[in-house]
Structures are given as structure tokens and as C-alpha cells.
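Peer 1: Sequence:
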Amino acid sequence: MESPFKSMAMSSDQDTRILACTHDRLSGLPDQVIYHIFSFLGANDTARLGLVSKRFKKLCSSSPYLNFVADFDSGSDHSCLRTRYTDFCSYVDKVLRSREKTGEGLVRLLVHWFCKQRRFDIGGTVVSSWVTVATKCGVEELDMLVHVDSLRGYSLPDCVYKCESLRALKLNLQMGRFSFQILGFDWLKDLWLDSVTIGDKYFGQRISDRCKCLKRLTLENVDGISDLTMTSSSLEDLEISDCRFPNSFIDGKFNISCSSLKVLTISRCQFKALWHVNLNCQSLKNLTVQDSEFGRFFACKIDCESLETLEVCGSNFLEACQLLVDCPSLIHAMISSCRFANVCFLNIKSSSLGGLTLSECKFSSPEIGSQYSEPKKEIKVGAGPCRRIIMKAENLETLTVSSSDAYSYEFPLSISAPKLKDLWWTGDPVDFSYLNQGMVSLLNARIHIKPTCRHRSEESDRRCKHSKSLIYCAAKFLQCLSEARFLSINTWPIEIFFMQNDSPIVFKKLQNLVLLTDGSFADQIPTIASFLRGLPNLRRLIIRCEQISHELSDPNATVHLFNMLFFALFLQLLNLLGLNSRCFNLTGVGQDLKNVKIEAVQGQAQSCVQNAGKRR
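Quick note: the sequence shown uses full-length UniProt numbering, first residue 1, plus one each step.
Everything labelled a hint here was simulated from the structure, so no lab data went into it. Honestly, I wouldn't trust all of these hints.
Unchecked claim - Only pairs whose alpha carbons sit at most 20 Å apart, straight line, appear in this in silico SDA-like list of lysine to any residue:
no.	residue 1	residue 2
1	LYS170	CYS115
2	LYS162	LEU191
3	LYS476	ASN501
4	LYS57	ILE34
From just these sequences and the hints, can you work out the full model?
Peer 2: Next up, the structure:
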């Protein structure tokens, strides 16, 4: 009876003949180069290539890279599947026994057995026999995907643990239970566990103690880990993805103390019972947490001397969360596209921190976390609403915030960054009432804040703008920017501020101002004039507007006409300020009819503003 690989190869005779008739450049290559090419081919491609010539047939049979793939989940009848099952097992046995007799080395053995029907379950005994032969041939890489009995599980034979040549092991049991033996992988460098169930509470510690040379550990779609404690001194790369930490009455712990660990990635994981994370890795440089869910009170302490980049993206925190980061080498931290249901406390201690980005974060309703038990520990944040973002970074110099939630103004935000120099803020307004006024080092601020909420009528929109809390928050925010020397800001927060305030906020150090008008420039002249009265040292002013006035909206209007109209409006602005027009130079608007640039003559404008203040 023909082997399944030969049958598959004969099904594509036309392709084989075409390949044989073309100029053969592959045959002239050295055997080792051809073997390296074979390492990238699948099982079917290798079988087809073996029919091209006798040399290729010999090369395929002696290749150090053996790939066997079988799929028993097709819609064929049981008799056909039974035949395929028998042929496949016989073929693999024949190839491996032949390799054992010849004593030829084996770099990689790949066996993928796709089967969800119990009658065609390969069984642990068959797999172990193949693995045993591979270890005798000095195999370096084992890649096994099999479906085993979920009750009995699967344990690798002892010869695998004793195999001195084995460097990489990838095991996929289709959510079957994996039992880790007492013996250790003394020479293993790369371990990948995919779609397995582990019921061993001390699994992480066993890996650390018994895999002395392990460099990379990947846990993908692993279930049953209640605690994970890693203390490996050799581990350099740890990746955890699609794992579920089960819910239990005992607090889950996640402790990583690996002195050589450089990269830690956690993605698409569910931590229903986990509440405490402790990372103490001296060599860790990059930490990424993305698309994960934390169901209980979450406290994370990161104490890594070499950490440079911290990213928390697309994660959902269903209870209060606390992130304490004590990393002197941390350069940039990012929290983006996260959802919070309670207070979020972020404290970063780093003498090297250059930038912190908070973007696209949202706040969910308080009822989301009601299905989970109450946290045993609480964060002491003082008086104020329970849902709140608190950020403390003593050495932070650059802060970037992008808020996209249409209702984010209902939630307070507290920032303590006394050394902050650059602030970039875009998106929806938040509750600025808890902002500290300690931004004494602020030099540059770029602000574009405007709500994205849409109202059905002008009256409801007017009520939203006249909200006392919103006006107070705008005033609080402008006060925090009063130490800046360069300011780029849209007119919406300024307009909100002057709805119930007559006296402007004084920006004593501000020298350069860029105003981005929201709507008609002609309608906003009184608001702009009121704001400019608080800028005694302004030297340069740039106004950018999309619309100069409602009356002039013809797209065919000339640049000259726009210049004339804006010059008239600019004179009106100067008259409101009590300034002399000769103190300013007005340049033309650009060809796009949107950018208007005004420059104040240094010295004259300063004295004019001061004199105007005295006249008032």
C-alpha cells in the first residue's frame, strides 16, 4: 500500500513534471544548503520534491528536518479515516526506524496530528515511541501537536529530559493536561507550551529550578495556572498570551524575579483571581501588557533597574488598579486604549523618565465590576469621587494625553509632575478640577480640547456649554498652563472660561501663542481679546482659522479679499485691546485661506499691552 505522502505527491503529477523539465538549479547546491531549504518546506511539499529525481528522493529521506502532518477532522467516512490512520502511523514508524538504523542525525522532528475524534486519538504511547527514536538520533528541536486523553493527560518520556542535544521543545496538546516530571531539562533553551492545561500550582517554580539553561519561555492558551512564580537566572524572554488564570477563593500571585529577563510580554490574558503582581527583574528592558482583562483589585509593583519601555494597551480593569513603578532607567511609559471601572493610581519613580502617554482611555459604568467580589485591599486616595485617574511622576518632562470618551469630563484626573516641561493634550475634556497647579517648569503646551458629544438642539448644546462644572474645569486647566512660554490652544476652553468670568488669567511668561479658532473668527474676536489681555509679555501671535466669518464662505473668493477682511477684523481686535495697529505686522493668509499669521513687534507690543492695561 502506498504511503499517504506518496499519494499526495501523485495528485500533483503535472506540477512535478513541470518542475522536472525546467532548468534544475537546486541540484547543483551542496547538501547542507538543500537541507536548510528543506527546513522551510511543509510535509507535502517535501514529499512532492522527493519525486523529482533519485537524488532528491535520497535527500528527502536523509534530511535532518522531518515534518509529519495528518488531519483526521475531514468529512471522510470512517473506513477511509481508519486507512489513513494506519498508513500514517506506519509511514512515520518506517522513516524513524530507518533513521535510527543509519545513525543519521536529526535536527527537527515535527508531528502535527489534527484529530478531534476519539477513535483516531493517537495516544501517548505512540507519540512517546516516536519521540524516543528522535532522542536517539540526537534531535535538537521537537514540535508536537497531538490530541491526547483529557483525563490521563500526557507526560513526556524520561529520555526527553535526559536528551543532551535537545534545545527547543514546542508542545500542543489541544487543551489536554500536561504533567511536568520531576526530571529537568538541563540543556533546553526554548520551551513553548501551547493549548495545554496545567494543574500544578508550583509549575513556574519547577521550570525555574529544573531548566537551568532556559532562555525563552512561551505560554500560549494555557489554562489552570493559579499562581506563577518564576525565579530563573537564565531566562531572557517570557511571553504569555491567551492564558486564563482561574477564579478562586485564594488570592492569585504573579511573581517574576528573573535576573536575566530582558523582555516580558503579556497579551490577551484573563486574570480573574489575580490581584498582586510583583516584577523584580534587574535586566528587564521592555514590558508590554496588551488586550488583557483584570477582574479583581489589581496591584502591580514593578521594580526593574534597567526597564526602559512600559506599555499597557487595550486592557480592561474591572476593579481598582494600582501601578507602582520604581525603575530609574524608565524612559517612556504608555497607557492607551484601556478601560477603567474604578480608581487608577499610577506612581512612576524614574530619574530618566522623558515621556508619559495616556491616550484613548475610557471609563465604564460602576456596575461592570459588581459580579466580582469586593477587593480585600483599598487604595487610600483621600476625599473625592471613587473613579479617578491619579498620576504621580516626579521626574516626568513630557506628557501626552489623548482622551476620546465623549463623557470623560465626568471623571476627575489628577496629575502631579513638578518637572513637566512639555504637555500635549488632545481629544475630549476631562474633569480638570483635581489638576495640581504645580506645573512650575512647564515650557511648551499644545492643547486641542473639544467635546465630541452631539446634541439634538441648540438649546441643549447651550446648556452643556454653560455647565458650571465644565466652566470651573476650564478655569482650572488654564491656571495650570499659566507658566508656559509657548502655548498652542484652540478657542473652545477659552470660550468656556469667559462664559462666567470677566477677568482673564495672567500668563506672565507666555511669549509665543498659537490660537486655533473653533468656528467663525469674527464671532470669537471678543473672546480672543479678553484672553489676550492676560498676556503682558506676548511677542508672537499666530491665529489659524478655518472660517473667517459666516458672511464670507464663498470658496471662489480670492486671497486678496480674505486679507482685506481679516485686516479689518484684526483692527477690530486691536481696538478692543486698546492697542496701536502699528505695533503689529500682519502677513497674508496662506494659499489655503486657513492660516492667518500675526507677529507683534518685540518691545512695542509689550509696552502697548501694559499701557492698555493701565488705561483700563
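Peer 1: Now tell me if each hint is right for this structure.
Peer 2: Structure-based check of each hint:
no.	hint	in the structure
1	LYS170 to CYS115	holds, 18 Å
2	LYS162 to LEU191	holds, 15 Å
3	LYS476 to ASN501	holds, 12 Å
4	LYS57 to ILE34	holds, 12 Å
Checked against the numbered hints given earlier, the structure satisfies every one of them.
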